[in-house]
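Participant: Below, each chain spelled out in residue letters.
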Amino acid sequence: MPRNDALQGTLDLLVLKTLAQLDAMHGFGIALHIQQVTSGALRVEEGSLYPALRRIEHEGWIASEWKTSENNRRAKYYRLTAAGRKQLAREEQSWAQVVKGVGALLRYA
Amino acid sequence: MRASLQRARSFAARLVGALHSRRIDEDIDAELQSHLEMRAELLVARGSSHDDALNEAKRMFGNRTYLKEEARGQELLPRVESLAQDLRYGLRLLRRNPGFTVIVVLMLGLGMGLNAAMFSVFHQVLLAPLQLPHGDRLYMVSSHARSVGDARRAMSGPEFRDFRDQNTVFTGVAAVIPTFAESWTGDGEPRTVNCTSPTQDFFNVLGVRPLMGRTFSAAEYANLRNTSLILSYKFWKTQLGGDPHVIGRVINLGGDPSTIIGVLPPMPDLYSDADIWVTLSTEPSWDFMNWRANKFLDVVVRLKPGVTPQVAEQQLTTILRRADGEPTDVQAQLTPVRDFVVGPIKRQLDIMMMAVALVLLVTLLNTAAMLLAHSIKRAPELAVRLGLGASRARIRRQLLVEGVLLSGAGGTLGIVLAEIVVAAIRHYSAASLPRMDGLALSGPAIAVSLGVVALSAVIFALLPGTLLQLDLAAAFRGARTQTGRAQRPFGGLIVAEIACAVVLTVGAGLLVRSFLRIQSVPLGYQPERTVSAYLRTNYDSTDGYPFWENVLGAAASVPGATAAAISDCVPSARAASAIVRFADRPNVPGREPSTEGCWISADYFKALGVPLIRGRYFSDHDDAAAPPVVIINAEAARRLFAGENAIGRRIAVSYLSLGSRSTAEPRMREIVGVVSDLRQRAVDLPPGPAVYMPYGQDETYHVLNSMNLYIRGTGADPVALGRSAREKIQALYPNQPVERIRGMREVIATSIARRTYAALAMTGFAVLALLLCGLGIYGVVSYVMQQRTREFGIRMALGAQRSDVLIDVLRRGGVLVGTGLVLGAGLSLLVTGELSQLLFETGATDPTVYLGTALVLAATGMLACLLPALRASRLDPRSALGLQ
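Sequence lines, in order, name chains A and B. If you use the working numbering, the first sequence corresponds to residues 1463 to 1571, in order. If you use the working numbering, the second sequence corresponds to residues 2 to 885, in order.
Simulated from the structure, these hints should not be mistaken for lab results. Be aware that a few hints might be false.
Here are the computed distance ranges between Cβ atoms for each label pair [to be verified]:
1) B:444 to A:1528: 55 to 63 Å
2) A:1541 to B:85: 52 to 60 Å
3) A:1532 to B:27: 48 to 56 Å
4) B:47 to A:1548: 25 to 33 Å
5) A:1504 to B:30: 25 to 33 Å
6) A:1504 to B:803: 18 to 26 Å
7) B:397 to A:1501: 35 to 43 Å
8) A:1501 to B:803: 14 to 22 Å
9) B:868 to A:1504: 46 to 54 Å
10) A:1551 to B:47: 45 to 53 Å
11) A:1548 to B:31: 45 to 53 Å
A short list of chain B residues far from chain A (calculated; beta carbon distances all over 12 Å) [unchecked claim]:
12) 28
13) 31
14) 34
15) 36
16) 39
17) 43
18) 86
19) 314
20) 395
21) 456
22) 701
23) 729
24) 863
On the chain B side, residues computed to face chain A include the following (Cβ under 10 Å) [unchecked claim]:
25) 29
26) 40
27) 44
28) 62
Quick reminder that beta carbons are idealized off the backbone N, C-alpha and C, glycines included.
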């Protein structure tokens, strides 16, 4: 069973946001980035990352290309497309609404 | 625009992907490999050894093969490769649940198979268009008059001629003697063939052209001694081997050499029993065609375009009422040819079709219940797949593939079963249903089945699909805690299922009860040791007397025979009608009492075991030279003589057999005996008043033409007696056919065959529905029990007794079963009226049947609840909670 399964649905958002910040990055780098930036609070299940990347790529939100990394290793690099930027904006907005809603509920309780 | 471009590109990429799936595999491998290496590098940098780091990296990543498949699923064109993958996955899943798979496939197969087979029969008999050009304009004419009992009356020769010559509404009118027997000799074993005899225009009216040769010419119709004949397709094929040179061949029919001039195409709709067609001349004509009271003809007409049947009926009624001696309220009636042929069995087929549709409904309800339970059980699995990035569409497609697999397998099995059932029906009941020639699994039946397959596949796919509407987290919880919600659809399904099963069981109960009543009905004679046979001769004069005396002598001399007799009647199957006039009171024309009538030889009552109440039986001395005598039955004595002693009273009997040949005033006969009642006309008709006369006293000699032979023996095998008698008779008359040698028990069975079929089929359907119901309830209750395991655990941990749990389950089950019973009983009350035609001494609301049905269903339902409930009550509370 994956941990933090409630966040699985937000994996798209995390990936898109990461790529917006990092310009181009391979899968491992994306996983690492999310883990580091959230101080380990969110750990992307590596197994679910790659299917997600494929899916997002086919939605046309990201594009990929094989390149050589700074350590001289070949890796597949992903980068945000224009459509991806728009999608990211949409998902950020809906996430903000969820946060607002949940926050309001928590304050009320 | 941009989006569609994007989609096109994505589609192209997937297409390329599908074509290069190996390269994609490599691509994914490389990417995952690079991931593992980077992870390992990081671990090494933190101090792990190289090998440890690699292993740890793999562990952290998880199942690579599975993920690779998942990842690849995004690449491929779904219709090409992932379909195969779905199929594989579906098959694996079905294999892993063999019990579930087998039951669902069997259920669907049975339901669809029965339905397709029954619908084929239904379609063939009731719906398929007549195989006659513009058959919808063909009608049969009959008449009825309230003043003479309103029964359907056939037509007489003069009436036919009046219609033909005076009508302005038909393009053609023809009359037919529907069937009579002739002996066929000279080609091997002498046999009796069915003849049908039409008037000149018949083939034109129907629009039938001969397959070979020609139909009858005007010259042949003008000759009363015409001996040319036409073969039916069936006779030509089965009796003459389809001989291509059959035209011009001479065969012996009724003792006369007759020339074959034509062969007809198959005629499945009208007169399909006919072997041989001969001419029925009207100008000149036989005497029996000139008697208005001799109503024995079928009259078939073709309506002119634009004329309604009502207009034609009015005109025919006017024509009928012009004639002398007809009841003034006589009405002509036009019946579409199709209704004329299938009318008697339409109701029964409707009922069977309804029953089978109900079985199918139960099947589908049951399948739905099982699949619903199955898919709820699978909700966690589906949720995991959603979590792993599979799209909802993809999962729906997967479920659709599974549904199609299940219903496809069920449908295939169903079509195989339908073929078998249709073959069985063709084999066993072709004779008892009209239009059955060429019955096959029909296109529409297969189409309907496939429709059901498709529909069920969609339903099966949509049911779990609906569950997917739940969001992810709820889907995870769903299987475990949503018991209350999950039970609700099951309740509805079970109630509906039980209601359907109740209707079927009530129907079966009513038919079986009728069947049992018929079996135990007092026949009035003893059929066990008596055999019957049929002899058709060419005698129609006093020459017949020595022949029949010799036949009786030969039969009586068979070892083991105790009595031999002949009669034109067949007990429980056939009797002619007669009209009685009295010597000692005024007779009102048109109001004379009607009775059953038979010509018999002296020992008829002895051969059948019918007791004499008073007076005497006939003897061999009651012949043509002796004073005319008659024996009546107890019912006739009661009705005609108000229970007074009838012996010595005198009555005249007008005998109304097919084609009776006399208009002379019948002689007065002295009543010499009263016998007890026997069910002469049919097993399921109460005995009516009946008169019996010595065959030697038929002034027309008509009865000498064909009679049934009865031999009573001491042995247990009357049929052997019949065979011995045939040998003895044919030793005397080598060309004499002796046919239809059957024990009287078999005659009775044949006469109620349709009821037997109906009762058997309906019982089969009901048992099937009960089984399905039991299975469905068992499955659903087991499932619900499993869902409520935790609840039971808690309740038992809090001190509830096992019996409490048991009672709770049974109470809930009881409510469902009870609701279904009440609904089903109400439904039954609405529909069993349809059955009344098939019922015998059983009311459509027979309380015993309803009570029995309630008991059977309640027992089935409660047993199906009890088994899983017992299992649940044996739970150890701790393990029940631990399961969570």
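Participant: Of the numbered hints stated previously, which ones are contradicted by the structure, given in increasing order?
Facilitator: 2, 3, 4, 6, 8, 10, 11, 12, 13, 14, 15, 16, 17, 20 and 27
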